[in-house]
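Chains as they are written, first to last, in UniProt numbering: chain A, 1 to 421; chain B, 1 to 421.
By construction, these hints were calculated from the structure, which means they are not laboratory data. Ideal Cβ placement from N, Cα and C applies to all residues, glycine included. One or more hints might be untrue.
Claimed, not checked - Not the full set, but computed from the structure, chain A residues with beta-carbon under 10 Å of chain B:
no. : residue
1   : Leu55
2   : Ile100
3   : Arg101
4   : Val117
5   : Lys244
6   : Ser335
7   : Ala356
8   : Val363
9   : Val368
10  : Glu381
11  : Tyr382
2 protein chains.
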Amino acid sequence: MTELVVDYMQRLGESAREASRVLARASTAQKNQALLATADALDQSRTVLLAANELDMEASRANGLDDAMLDRLALNSARIDEMIEGLKQVAALPDPIGEIRDMHFVPSGIQVGKMRVPLGVIGIIYESRPNVTVEAASLCIKSGNATILRGGSEAIHSNKAIAQCLKEGLAVAGFPATAVQVVETTDRAAVGELITMPNYVDVIVPRGGKGLIERISRDASVPVIKHLDGVCHVYVDQAADAGKAIRIADNAKTQRYAPCNAMETLLIHESQVDAVLRPLLDIYESKQVELRGCEKVCALFADRVKAVTADDWAAEYNAPILAIRIVSSLDEAISHINRYGSQHTDSIVTENFTDARRFLTEVDSSSVMINASTRFADGFEYGLGAEIGISTDKLHARGPVGLLGLTSEKYIVFGDGHVRG
Amino acid sequence: MTELVVDYMQRLGESAREASRVLARASTAQKNQALLATADALDQSRTVLLAANELDMEASRANGLDDAMLDRLALNSARIDEMIEGLKQVAALPDPIGEIRDMHFVPSGIQVGKMRVPLGVIGIIYESRPNVTVEAASLCIKSGNATILRGGSEAIHSNKAIAQCLKEGLAVAGFPATAVQVVETTDRAAVGELITMPNYVDVIVPRGGKGLIERISRDASVPVIKHLDGVCHVYVDQAADAGKAIRIADNAKTQRYAPCNAMETLLIHESQVDAVLRPLLDIYESKQVELRGCEKVCALFADRVKAVTADDWAAEYNAPILAIRIVSSLDEAISHINRYGSQHTDSIVTENFTDARRFLTEVDSSSVMINASTRFADGFEYGLGAEIGISTDKLHARGPVGLLGLTSEKYIVFGDGHVRG
Numbered sequence: 001m002t003e004l005v006v007d008y009m010q011r012l013g014e015s016a017r018e019a020s021r022v023l024a025r026a027s028t029a030q031k032n033q034a035l036l037a038t039a040d041a042l043d044q045s046r047t048v049l050l051a052a053n054e055l056d057m058e059a060s061r062a063n064g065l066d067d068a069m070l071d072r073l074a075l076n077s078a079r080i081d082e083m084i085e086g087l088k089q090v091a092a093l094p095d096p097i098g099e100i101r102d103m104h105f106v107p108s109g110i111q112v113g114k115m116r117v118p119l120g121v122i123g124i125i126y127e128s129r130p131n132v133t134v135e136a137a138s139l140c141i142k143s144g145n146a147t148i149l150r151g152g153s154e155a156i157h158s159n160k161a162i163a164q165c166l167k168e169g170l171a172v173a174g175f176p177a178t179a180v181q182v183v184e185t186t187d188r189a190a191v192g193e194l195i196t197m198p199n200y201v202d203v204i205v206p207r208g209g210k211g212l213i214e215r216i217s218r219d220a221s222v223p224v225i226k227h228l229d230g231v232c233h234v235y236v237d238q239a240a241d242a243g244k245a246i247r248i249a250d251n252a253k254t255q256r257y258a259p260c261n262a263m264e265t266l267l268i269h270e271s272q273v274d275a276v277l278r279p280l281l282d283i284y285e286s287k288q289v290e291l292r293g294c295e296k297v298c299a300l301f302a303d304r305v306k307a308v309t310a311d312d313w314a315a316e317y318n319a320p321i322l323a324i325r326i327v328s329s330l331d332e333a334i335s336h337i338n339r340y341g342s343q344h345t346d347s348i349v350t351e352n353f354t355d356a357r358r359f360l361t362e363v364d365s366s367s368v369m370i371n372a373s374t375r376f377a378d379g380f381e382y383g384l385g386a387e388i389g390i391s392t393d394k395l396h397a398r399g400p401v402g403l404l405g406l407t408s409e410k411y412i413v414f415g416d417g418h419v420r421g
Numbered sequence: 001m002t003e004l005v006v007d008y009m010q011r012l013g014e015s016a017r018e019a020s021r022v023l024a025r026a027s028t029a030q031k032n033q034a035l036l037a038t039a040d041a042l043d044q045s046r047t048v049l050l051a052a053n054e055l056d057m058e059a060s061r062a063n064g065l066d067d068a069m070l071d072r073l074a075l076n077s078a079r080i081d082e083m084i085e086g087l088k089q090v091a092a093l094p095d096p097i098g099e100i101r102d103m104h105f106v107p108s109g110i111q112v113g114k115m116r117v118p119l120g121v122i123g124i125i126y127e128s129r130p131n132v133t134v135e136a137a138s139l140c141i142k143s144g145n146a147t148i149l150r151g152g153s154e155a156i157h158s159n160k161a162i163a164q165c166l167k168e169g170l171a172v173a174g175f176p177a178t179a180v181q182v183v184e185t186t187d188r189a190a191v192g193e194l195i196t197m198p199n200y201v202d203v204i205v206p207r208g209g210k211g212l213i214e215r216i217s218r219d220a221s222v223p224v225i226k227h228l229d230g231v232c233h234v235y236v237d238q239a240a241d242a243g244k245a246i247r248i249a250d251n252a253k254t255q256r257y258a259p260c261n262a263m264e265t266l267l268i269h270e271s272q273v274d275a276v277l278r279p280l281l282d283i284y285e286s287k288q289v290e291l292r293g294c295e296k297v298c299a300l301f302a303d304r305v306k307a308v309t310a311d312d313w314a315a316e317y318n319a320p321i322l323a324i325r326i327v328s329s330l331d332e333a334i335s336h337i338n339r340y341g342s343q344h345t346d347s348i349v350t351e352n353f354t355d356a357r358r359f360l361t362e363v364d365s366s367s368v369m370i371n372a373s374t375r376f377a378d379g380f381e382y383g384l385g386a387e388i389g390i391s392t393d394k395l396h397a398r399g400p401v402g403l404l405g406l407t408s409e410k411y412i413v414f415g416d417g418h419v420r421g
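With the hints as extra help, turn the sequences into a complete structure.
In structure tokens:
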């Protein structure tokens, strides 16, 4: 059985590699045509899509999936509309491929510069949401990459039906059907194979829970663009404007609790206890946020705040819980963030230029902010027009990853018969 | 024993991480001071360096190292001069760190852009040449990274003596001695540990033979900037200028045989046999280059060319051997390169704009050239001012890697109390 799966995945990989050559040289118009024709196909396949999804929903209900999982899995007319809208938005984005930059003469007389090119073949591994199938495929098509999509087994019927629409869209634009391939086996060995075919797959993007991402990163021999923890901080500096500090610390924690860019630890300068911390506690309490403080916080607010335990500083709650620490200097705040943070997103609230400049330089995170809520760390908010994920790695893509994260640059050289002396 | 090594490497890693914070916020002047003070220390330690090197040379002679290895290992006054000159050149390069670019307003009112930052801690693993110790350390210091250097055991005394000079240079600039650390054990377990400490090491750069690089890439859990094969092609197009074609195909093969950017396979359009291939064969023969041809080449030049075997198209000879194939179209040439090449460096010789444009777009290599010798694929020739290696990967750095390859970009956001709605 596993041998059959290996064989099947190798064939997917080989045909994806071939298709990637076609996509790499495709015109912008051709790629956009594929996206818009897929949108049409989805629109005309609503009945089929909903019927396929109902099969997945029934099986998942029978398997006892919880309500949150079932909600993520469900397709309905509004969600199909969103997929169609998403395809149109990606079609409207500028094409990153082919951009030539920095061509300059060097002393030998050649001209050297760079040209933006697709990565080749992207493997996407994700969980229940079937809309990821369209979203990920559309970004890969636009950036000239072939893609192999491995969704959750609970969404297999929905994903196959969506794949059929993608095939129709690709055909209209004259692309091979193998430009986007959905893995049609639910055998887990397929994932193991997908992440260890460096000949056929150039990068893996896992989307899902931390467990999935850690497992894939550990076992992959193909590079992985990954997002692990989001332990984000807001530091209220000695020179903070109290109004801005309260607004930002409230928004970063409570606007939504689940996202990875929500604040998990509030660091506050000791001079800001009365002006900022006290009113913030009122706000958090009114919103039922559980508060856990360092010794100083507990000493001041014994009745309102629990003591942190050893694990709190590095915890990603994704819930209405907040850790709070009083610090006596900017240095202490920066050290805390670089030690306990996850290099995701951290913000300082300050009116002092030098403190802001130091925070910007010394905090080693993928997004570093001044006087803004950590909740802005997002591809759409940053104007990327799309987001394949957020990377907490330092190599290749860092922070929110849009179309550019699915591309690379090669050197190009123009000469006129030049040889090396 | 292995446990001791693990412990030792963990301590190196932890102190490198700490030192990286100091280097990351260092001024350009401070980094340059460390480089120039190291140059002074080398100049004043000539006797010590030569004595340490003599210990390595004696041991290596006793161990029966071959002449080529011994030559790479040897230090002398001229090579110390070169190390000093190299430090001065790196000090003169522009500092890439801290560059802020693309700051722009997005609809929410925040300003978003990017800032260039060091990667953190770089692990360099290399073989006999002691000059790599200075070269790699200087690039890491300039780019604000801490570094852990693991040279060959045959160069251990030389490397320790050089490390002493680096420590003196770091001290003059007020940097911790742990900013550059030479692994002082020759136990092989040290390498295994270095490449599996993602908490402490951000990227590994192996420099050496293919065996070393493959082993490290396979076993590393830290990202690796690597260079594997250099199977480079020159394609002489139907529309090639014969004079340029001959000059380039000669230079790409014979200017030097060993470098990774030397041509290994010549692809030639069938219309160019008399104008280009015939005179080229004379040149290659006069230089004792062994010629291996496809069936068509053998049919035309049976007495001058051997038949290729199955392995020749993918072979990296690094020697006076050349594979030659006659093709009947640009498509055939591009397919050959994408199938058998190593995505290193490939060049087309042509006067036809459309052929040049297609070759540039469709050949998936880290350097793609028009009317220039593949031998130009080099960080110094490209004007990078330095080269830590050449990457045949697509992610992060592709092609010759200079200072920028040792950096990353983080997002930065400026607001004025902005929160997400």
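We went through each hint and held it up to the structure:
1. Leu55: 38 Å, violated
2. Ile100: Check passed: Cβ of Ile100/A comes within 9 Å of chain B, closer than 10 Å.
3. Arg101: Cβ of Arg101/A sits 13 Å from chain B, so the hint is violated.
4. Val117: 7 Å, holds
5. Lys244: Given a least distance of 3 Å, the restraint on Lys244/A holds.
6. Ser335: Status holds, d = 9 Å.
7. Ala356: 9 Å, holds
8. Val363: 9 Å, holds
9. Val368: 5 Å, holds
10. Glu381: Glu381/A check passes; min Cβ-Cβ to chain B is 6 Å, inside 10 Å.
11. Tyr382: Holds - the Cβ of Tyr382/A comes within 10 Å of chain B, reaching about 5 Å at its closest.
Hints 1 and 3 from the list above are not met by this structure, while the remaining hints are.
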